[in-house]
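Enquirer: Read off the chains here:
There are 2 protein chains.
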Amino acid sequence: MDLLVENQHFRRDWSTATEVGGKAAAQNLADVAAMGAQPTALLVGLAAPGGLPVAWAEDLATGLAQECTRVGAVVAGGDISAAPLIMVAVTALGDLGGRPPVTRAGARPGDLVAVAGLLGHSAAGLALLKAGRTEPARLLAEHRWPHPEYAAGPEAAALGATAMIDVSDGLVQDLGHVAEQSGVRIDLESAQLPRDDALRAAADALGEQDPLDWILTGGEDHALAATFPPGAALPPRWSVVGRVSTGRGIRVDSRHVEAMSGWRHFR
Amino acid sequence: MDLLVENQHFRRDWSTATEVGGKAAAQNLADVAAMGAQPTALLVGLAAPGGLPVAWAEDLATGLAQECTRVGAVVAGGDISAAPLIMVAVTALGDLGGRPPVTRAGARPGDLVAVAGLLGHSAAGLALLKAGRTEPARLLAEHRWPHPEYAAGPEAAALGATAMIDVSDGLVQDLGHVAEQSGVRIDLESAQLPRDDALRAAADALGEQDPLDWILTGGEDHALAATFPPGAALPPRWSVVGRVSTGRGIRVDSRHVEAMSGWRHFR
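Chains as they are written, first to last, in our numbering: chain A, -3 to 263; chain B, -3 to 263.
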């Protein structure tokens, strides 16, 4: 379940209602996939001012439905209420097909750490929006409406993933939950973290040295990050980015980093 | 799923946080029971201002947990977010034990209409609160924290209920949904509707002629209203209050009434 609050999680002048709906669906469906389940349904609550154009609510529903269609899920019900600003509450349901869920607590020393999906794109898109930039347009679109690799979740479960999470608050912060709940240390190699030309172009445009901050601390792409037994044969969409070892916390290139660099909800 | 928005569904000066939590749980658990299922879990989203006392959130959780305990359910997860005012989003899950759900669409001409639980108590309690009255105290408490008869839901399913709903928006309005979705008319006999001394005392105190308005249009007690095949042997907690026949709409004492007299969310 996730809450989206206007001006906290989205801005009506930065995202269309369809994009808000698509993003709300994506972040919840990704949570279900990250436990190794097939997403099946969403329940959606919409609180909104009485003066909200009906078209906004209809477009929100369109975005929710479109993202559900990508994974074979449906919007199965919900509630509406009046409120002074828009709040969207989404609960996602899924089907584990009888398998146990993949949790955050099963990583073991020696495991590989791998990610499937984009890292840092949403954060770079947000930085571009804040700076009034419109290019690379792909990053702005990925901020407004991420498209997680849902199928990678059940795939990872079938490959024997020992722990998994979707990157909603930043790779360091979310893998920090895995490290803490599994009682292990996770070492990341920055050179192995996937980065593409669009990210480099955004860094150049904004005068950043390197997109690594976005990759390590940017959330909302909803990439899946999982740990696998050593020797697991991972399909191409999974990039090995580190190792699990004994200890605690997260290290990047052998230096300890603070998980607090992810989003702070009550900043 | 239900949304509760501050000043729309509750007031912090009228209800404690524990009561808000208890009521939020009750209305969602009752929805699940009204399909014939055993409620099992709640997912709860809390959006709140940064200045909200932590004790308020803790008390909310206490109320949610206490009402869950009444029916053997648990709070299994959720989300928090900052927002300018409090909003609570609750999704309830349940277990049908392999039986098909009881919906609103199965009522057939000739069926009995019966209710289990209180009618009009929450509405009378709200009227007393608005008038600054403190007696009968029981009605104020029932407005702040209803205690639905959850077990009546699976019981009705086992007794062959053809349709069921929990009375959240008023008996006439909610049975109106059953009549519409079943393609039938429902006739209620006002003399058969349960009313007790507390309701009569509230009507006297507020100068109302009769508590019937509260009973017919008051929501939030979350009584269960169901239709049963004629001849069903109903346990004592079920009161037969009417009959299903051919036609459409709701009649009370042979007069058609408008379902619009229930709550209007965007009034």
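Note that these hints are calculated values from the structure, not bench results. One or more hints might be untrue.
[To be verified] Which chain A residues stay away from chain B? Per the calculated CB distances, all over 10 Å, these:
#, residue
1, MET(-3)
2, ASP(-2)
3, ARG8
4, TRP10
5, GLY41
6, GLY73
7, SER77
8, ALA78
9, ALA79
10, PRO80
11, MET83
12, ARG104
13, ALA137
14, ARG181
15, ASP192
16, ALA194
[What the hints assert, rightly or not] Pairwise CB distance ranges, derived in the manner of DEER restraints:
#, chain 1, residue 1, chain 2, residue 2, range
17, A, ILE76, B, SER235, 27 to 33 Å
18, A, VAL70, B, PRO96, 27 to 33 Å
19, A, ALA201, B, LYS126, 38 to 44 Å
20, B, ALA133, A, GLN62, 28 to 34 Å
21, B, THR130, A, GLY179, 19 to 25 Å
22, A, GLN62, B, SER250, 46 to 52 Å
23, A, GLN177, B, ARG95, 43 to 49 Å
24, B, VAL70, A, GLY106, 41 to 47 Å
Bear in mind that the values here come from a model prediction, so they are computed numbers and not experimental data. For every residue, glycine included, the Cβ atom is placed at its ideal position computed from N, Cα and C.
Enquirer: Using Cβ atoms and 10 Å as the threshold, tell me whether MET(-3)/A really stays out of contact range of chain B.
Expert: The claim is violated: MET(-3)/A sits with its nearest Cβ about 4 Å from chain B, within 10 Å.
Enquirer: Any Cβ of chain B at or closer than 10 Å to TRP10/A, or is the non-interface label fine?
Expert: holds (18 Å)
Enquirer: Quick check: does the Cβ-Cβ distance between THR130/B and GLY179/A fall within 19 to 25 Å?
Expert: 54 Å Cβ-Cβ, so the 19 to 25 Å window is violated.
Enquirer: Is it the case that PRO80/A keeps its Cβ farther than 10 Å from each residue Cβ in chain B?
Expert: Nearest chain B Cβ is 7 Å from PRO80/A, so the label is violated.
Enquirer: Please confirm whether ALA194/A is truly not at the interface, meaning its C-beta sits more than 10 Å away from all C-beta atoms of chain B.
Expert: holds (29 Å)
Enquirer: For the range 46 to 52 Å, tell me whether the beta carbons of GLN62/A and SER250/B fit it or not.
Expert: holds (49 Å)
Enquirer: Evaluate the given range 43 to 49 Å for the C-beta pair formed by GLN177/A and ARG95/B.
Expert: violated (37 Å)
Enquirer: Could you see if the CB distance from ILE76/A to SER235/B stays within 27 to 33 Å?
Expert: Once the Cβ atoms are compared, 32 Å apart, the range 27 to 33 Å for SER235/B and ILE76/A holds.
Enquirer: With d taken as the least Cβ-Cβ distance between ALA79/A and chain B, does d exceed 10 Å?
Expert: violated (5 Å)
Enquirer: According to the definition I'm using, a residue is off the interface if its beta carbon is farther than 10 Å from all beta carbons of the partner; does ASP192/A meet that for chain B?
Expert: With a cut-off of 10 Å, ASP192/A remains clear of chain B, as the shortest Cβ separation is near 31 Å.
Enquirer: Was GLY41/A rightly flagged as not at the interface, with every chain B Cβ beyond 10 Å?
Expert: Non-interface label fails for GLY41/A: nearest chain B Cβ at 4 Å, not farther than 10 Å.
Enquirer: CB of VAL70/A to CB of PRO96/B, is that within 27 to 33 Å?
Expert: With a Cβ separation near 19 Å, VAL70/A and PRO96/B fall outside 27 to 33 Å, so the hint is violated.
Checked against the numbered hints above, the structure violates hints 1, 2, 5, 6, 7, 8, 9, 10, 11, 18, 19, 20, 21, 23, 24; every other hint is satisfied.
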